[in-house]
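The chain contents come next:
There are 4 protein chains.
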Amino acid sequence: MSTETTTFSGIVPPIVTPLTLEGEVDTTSLERLLSLQIEAGVDGLFVLGSSGEVGYLTDAQRAQVVQTAIGHVGGQVPVLVGVNDMTTNRVIAVAEQAREAGADAIVATAPFYAITDAAETATHFRSIHAAVDLPLFAYDVPVRVHSKLSPAMLVELGREGVIAGVKDSSGDDVSFRMLLRQSAGLENFAVFTGHEVVVDGCLLMGASGAVPGLANVDPHGYVRLWRAAQAGNWAAAKAEQDRLTDLFSIVEAPTPGRVSAGAAGLGAFKTALALRGVITGNTMCAPMLSLDESETATIKVVLEQAGLL
Amino acid sequence: MSTETTTFSGIVPPIVTPLTLEGEVDTTSLERLLSLQIEAGVDGLFVLGSSGEVGYLTDAQRAQVVQTAIGHVGGQVPVLVGVNDMTTNRVIAVAEQAREAGADAIVATAPFYAITDAAETATHFRSIHAAVDLPLFAYDVPVRVHSKLSPAMLVELGREGVIAGVKDSSGDDVSFRMLLRQSAGLENFAVFTGHEVVVDGCLLMGASGAVPGLANVDPHGYVRLWRAAQAGNWAAAKAEQDRLTDLFSIVEAPTPGRVSAGAAGLGAFKTALALRGVITGNTMCAPMLSLDESETATIKVVLEQAGLL
Amino acid sequence: MSTETTTFSGIVPPIVTPLTLEGEVDTTSLERLLSLQIEAGVDGLFVLGSSGEVGYLTDAQRAQVVQTAIGHVGGQVPVLVGVNDMTTNRVIAVAEQAREAGADAIVATAPFYAITDAAETATHFRSIHAAVDLPLFAYDVPVRVHSKLSPAMLVELGREGVIAGVKDSSGDDVSFRMLLRQSAGLENFAVFTGHEVVVDGCLLMGASGAVPGLANVDPHGYVRLWRAAQAGNWAAAKAEQDRLTDLFSIVEAPTPGRVSAGAAGLGAFKTALALRGVITGNTMCAPMLSLDESETATIKVVLEQAGLL
Amino acid sequence: MSTETTTFSGIVPPIVTPLTLEGEVDTTSLERLLSLQIEAGVDGLFVLGSSGEVGYLTDAQRAQVVQTAIGHVGGQVPVLVGVNDMTTNRVIAVAEQAREAGADAIVATAPFYAITDAAETATHFRSIHAAVDLPLFAYDVPVRVHSKLSPAMLVELGREGVIAGVKDSSGDDVSFRMLLRQSAGLENFAVFTGHEVVVDGCLLMGASGAVPGLANVDPHGYVRLWRAAQAGNWAAAKAEQDRLTDLFSIVEAPTPGRVSAGAAGLGAFKTALALRGVITGNTMCAPMLSLDESETATIKVVLEQAGLL
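For the record, the sequence lines run as chains A, B, C and D. Quick note: the first sequence uses full-length UniProt numbering, first residue 1, plus one each step. Quick note: the second sequence uses full-length UniProt numbering, first residue 1, plus one each step. Quick note: the third sequence uses full-length UniProt numbering, first residue 1, plus one each step. Quick note: the fourth sequence uses full-length UniProt numbering, first residue 1, plus one each step.
Note that these hints are calculated values from the structure, not bench results. None of the values given here were measured: they were computed from a predicted structure. Do not take every clue at face value.
[Stated by the list, open to error] Stretch by stretch, here's where chain B covers chain A in the computed footprint (C-beta under 8 Å, at least three residues):
| hint | stretch |
| --- | --- |
| 1 | 171 to 182 |
| 2 | 199 to 211 |
| 3 | 225 to 235 |
By construction, the Cβ of each residue, glycine as well, lies at the ideal position given by its N, Cα and C atoms.
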């Protein structure tokens, strides 16, 4: 897939990484999950995102996920790969591996652990782009990296051809709309929301698509939502989003205090997928706890109400 | 206007407080501004919000604003009054004055300066409601009070009849959608967005209306946006919002570094209103700087492009 | 007491505001508390600080506290008065009242609720100084006002004669040392730490004194610590501080989750003072909860171990 | 060096990583720097800390630094190695390499990029300790990892034998004193401050030593400060610290806005070392800028005043 002709849009689920009880990558489950997504009609797949526990997997495990995904998907849809590390040279090393493995695009955050600023962050993206011949998405996720990418910088990087777009998980809808509006004229620049429950509003405002973690659990719902929006049927899009927003309440099943906020959401997605029979178990990477029997029971009720069991 | 029968919805601009060069309330300008809003067809007016520089006005100036607004509006639309102070008893004292002056509803934040928690915040709203016989709106503005009101607490307070709704300036669209979805069944509970550039998306997602500072400058635009959304004409709503988003770029006219972020937005609104001839000058409360000639010239160009001069 | 000749140093406890069960100022208890402090040999008294629940008291209650304190102290030691409000003109109004009531100095924070910056904050202090003829202390308390006062700004304001010193509750010891070092040559500029458990280290580093909330409970201990440090007996100062640090564990008596962080510390001080018979009860301002019987029992044990009962 | 018998105390500089113009590790300069430190009488050396740009070096460069340091030091003083990565399993992989290379101890932070909590963080340290047979230090650095390690957790981990101590770069002196006081009875538990300008106060309060980045530039000064404190000569300790605090002003030489806060401090240390002829150049890791000629000139003046040129 060549850089020039690929455009990115639609539903691109950030795929969770199923694990065995021993904490190793469960490639069989991963392949079943990928198949479910493709059958549902998603427009792309994003592995090794935050939802994929990229920050927790070892280098070997990351390589295994990428290899499995690219091999199994076989070019049916583009595969985007997260290249998360603290700073530029470390990201480039990881990105080079993703390129060699056959990724269609890479997704990188601002530097973290580093005490950085906007100028360094722009240099960071420019250096990654210069070093790695793949479409590069900027992943705006202040809750993890503790800096925000400004619309002005993102649009400038888009204009230079440094980035092919943005995955916005900033939770800042004002900034998101400014980005959409200011990038409206740019070619080959895609803006995705990473938030599960505002996809209808974001699409109305002009977003190119969504990267919703909840799509792991219900890709068909998000595909319907996307197609309704494409057809201009906003009432239907809103109704589908309302249904998915109710489904999203599974992330509140984990007992607060027992399970961290990071583990709660991902743990809920994995548990729902296990209940649906897509993946074998709901094991989380260390040091996160997996959801327990009682929390699983709560999720089961929500899935039943949603007609997903 | 009795508590039982009033419902709140639509466009409710948070009115800026025009000042004379000496820093006193310019009541004549305030009346002209209120008239412009009513003529444009707004559904309510909110005085002494953050846009009204409530945190900067003295007690006497606040009283003057309330008296002027309620007198001039004369019941044509409901007047909501901000009752901002640090903690419960201080808010109640201010709210009692608003009630005596004839306010139709009051708007209160969580405690600030205080090092507080969710339980105290809920008690805070319950105590205000118990003490003051007026519809009470919770104003969620973490950028100023440094705590976030959770959807669960707000829905619970709504269910108890403590609050009549929420003005959300949290910038957190995920929380906003959860609030909309979880309060969907509640009667007499209105959810407003306070963000200027996402009103189309928020209305699609089910918001009751908007409290956009930019409506000071262009109330007709927001009224058109609201009416398009009410009619289910989402393409028109989006187009109007795009136009207003471009207009919102006036807040970027102030030179970064010269003017604080707090002064930039409000200063831009006041300057635009002065350019439009609605208010006499663009003076800001101390210690904020007013926009200068060069910044004013930048705003003039944007207004001309928007056809507002 | 004239501005020119007063210098400030030593132990200046931030006095809690005793309340009756009904939440009114308990002036009799307040007078007993002030007497205890003076008998212990403190060098000044600070009323209406955060420890005095300044953010929670109504205007009338604040006036009552100031009047009671200044009347009862009768010039034996200087009385500093907190003049807390959101922005410049509101602070000036409060400060003018403190001056009329006979305060020896006033203590003001940066603007809060406001979205401000360093330039506005400097203007804020300059305007207060210009308007109110009293020594002005800058109170650096980012945990409440959410901005930090830089050493460079504080030293500049000191050099201009705008501020007479700083009460540092920033919890940032690096900044504190830079402030001490950079202000080392300034006349009539006093730097106080507001932190109870690092007074020995701060005095070694050159601080002018301390404003420790825990001194409400054990003023004699802090006076001994101060005198040891003055005598260059650092081992004795450290030993006294260690004892007071153990005593400070009373702030951990309140059950986490039941009582807010803001209420826990002040509630512990009030409860200890009630147990010591200095004040009548441990009532807190709304919406804060007062410490309960079980929490009080925990504090009693600590006081007994400290030989304070 | 066996785990049982090593105790850690005194001055343990966090060694910067000299780079060639091409951005590769300059091992010759590194060896000269290590020699300077040992000659000055430091008590240990810490490589691959934040000052060592651990977050910026590639895996190969990190290995080169560890190998060079352990080889060159040859057991004269203990060598602590930073094992920074996002989460538990990734840290263990890095730590295992440090152990094989001959490290005397390892230093790990809380998880980052992860959205974690206190329970996960404790599990994280316990798992690292269980997997890697080396003394483990907890590195408390909220400005980078965005969570704070509580004294209670650290003392509990010390009691369990999980950690051998703490490097505190939290900037929270209250928490630091609580940690010192609560760990006072623990054997084999060392508490180091990571802040350059408060070492005298921290040692008075009972700290085991310091890990000051500025000691790269002037190890002799910190060794004198440590020895004065050990001898109970607090006036001398304070005077030496005042001198070092003045020297620390080199971190303000970089032009604000041109160089990030992260690059300013480290860049100043490298530049000062280059001016002193200890290392060859002041190159920083990408994407950080190196200090320029004008900034270097400013630092030169400070070094001259300090008698270090």
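Results of checking the hints against the structure:
Against chain B, the stretch 171 to 182 of chain A contributes 8 residues with a C-beta closer than 8 Å to a partner C-beta. That satisfies the three-residue criterion, and the hint holds. Beta-carbon proximity to chain B at under 8 Å applies to 6 residues in the stretch 199 to 211 of chain A; the threshold of 3 is reached and the given coverage holds. Evaluation of the coverage hint for the stretch 225 to 235 of chain A: fulfilled, as 3 residues show C-beta separations to chain B shorter than 8 Å, against a requirement of three.
Checked against the numbered hints above, the structure breaks none of them.
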